[in-house]
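Asker: Here is what each chain is made of, one letter per residue.
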Amino acid sequence: MANAHSHDSHDAGHGSVKSYAIGFILSVILTVIPFGLVMFPTLPKSTTLAIVLLFAVIQVIVHLYYFLHLDRSIAQRNNVIAFVFTAIVIVLLVGLSLWIMFSIHTYMMAK
Amino acid sequence: MSNLVTNAGHAHGHDHGHDDHHHDSGEMTVYGFWLYLMTDCILFASIFAVYAVLVNNVAGGPSGHDIFELPYVLGETALLLFSSITYGFAMLALYKGKKQQVLGWLFMTFLLGAGFIAMEINEFHLLISEGFGPSRSGFLYQVNKHGLTATNKTRLSCLSLFWHFLDVVWICVFTVVYLMGTL
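Line order of the protein sequences matches chains A and B. Under the working numbering, think of the first position of the first sequence as 1, with each following residue one higher. Under the working numbering, think of the first position of the second sequence as 1001, with each following residue one higher.
Read the hints as simulated data drawn from the structure, not as lab findings. Each hint should be verified, as a subset may be incorrect.
[Stated by the list, open to error] Below 30 Å or equal to it, Euclidean Cα-Cα: the simulated BS3-like pairs (lysine-lysine) are: (1) B:1096 to A:18; (2) A:18 to B:1098; (3) B:1153 to B:1099; (4) A:18 to B:1153; (5) B:1096 to B:1153; (6) B:1099 to A:18; (7) B:1153 to B:1098.
On a predicted model such as this, the values are computed, not experimentally measured, just so you know.
Construct the entire structure; sequences and hints are all you get.
Answerer: Quick look at the structure:
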């Protein structure tokens, strides 16, 4: 019984043709729109930048969910914990580094 | 990290008794590979930080805005995305136990991956501004070749993670380097 259950959740963790197709179509949309906005500029620069960044974040999440099969199932729990920990490290590492470097830049320019 | 694993195993044992061993070595290997990918992720993130700091300091040389060709990058992205889905189909065939289909999809993935690398190598005639492309591609190619001979489920699962993970890194590359560089 326990075995059959673990087998089921195992299969669910590998996705299906449908889930790969959904992920693929979403990725195409989320790739083409930012490329289009940058190649044929129609919106103000700051708006385009915001959309490009937002779409990148959404596409990363789409890939994690549909291709890498990160979800809220028990089988994926440790993987998700590791990923969240890594994401926090990255936010600190990149965010704080850029903060330091750009404030140095600003202070140097001010003189 | 090892704490997490032992804790999870312990809690599990409590729930189902000590005879529950469905966390076989294959699953642990894939989990370990995932942890490796997470460290790789941190490495890429620090390279992105370096890039972001240096990107505007071109000392009068050409910046990304002058040399990037977005249609070309879109082509590379398409190849990588197609290879992601063909690898996904290879994994689905693997779980159905259809060896011929697995090899077919893996071969498709190999061709698409090789096409991506060919385009990237070609592009490096022009691109001097980022340091992480060549080493990353070299690794990708190596692992891809390795995948053609591996029939082991665990190894293919790890490669699957690696392959899709590279696609995630590529999203960050085309967004931060190419799109924001051109904007």
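Asker: Could you run down the list of hints and mark each one as holding or not?
Answerer: Hints versus structure:
Restraint check for residue 1096 of chain B and residue 18 of chain A: the C-alpha separation of about 15 Å stays at or below 30 Å, so the hint holds. For the hint linking residue 18 of chain A to residue 1098 of chain B, the alpha-carbon distance of about 19 Å falls within 30 Å, and the restraint holds. At most 30 Å may separate the alpha-carbon atoms for a hinted pair to count; residue 1153 of chain B and residue 1099 of chain B meet this at roughly 11 Å. A C-alpha spacing of about 22 Å is found between residue 18 of chain A and residue 1153 of chain B, which places the hinted pair at or below 30 Å, so the restraint holds.
As the CA atoms of residue 1096 of chain B and residue 1153 of chain B are separated by approximately 12 Å, the hinted pair is consistent with the 30 Å bound. At most 30 Å may separate the alpha-carbon atoms for a hinted pair to count; residue 1099 of chain B and residue 18 of chain A meet this at roughly 21 Å. Under the criterion of a C-alpha separation no larger than 30 Å, the hint pairing residue 1153 of chain B with residue 1098 of chain B is consistent with the structure, at around 12 Å.
Checked against the numbered hints above, the structure breaks none of them.
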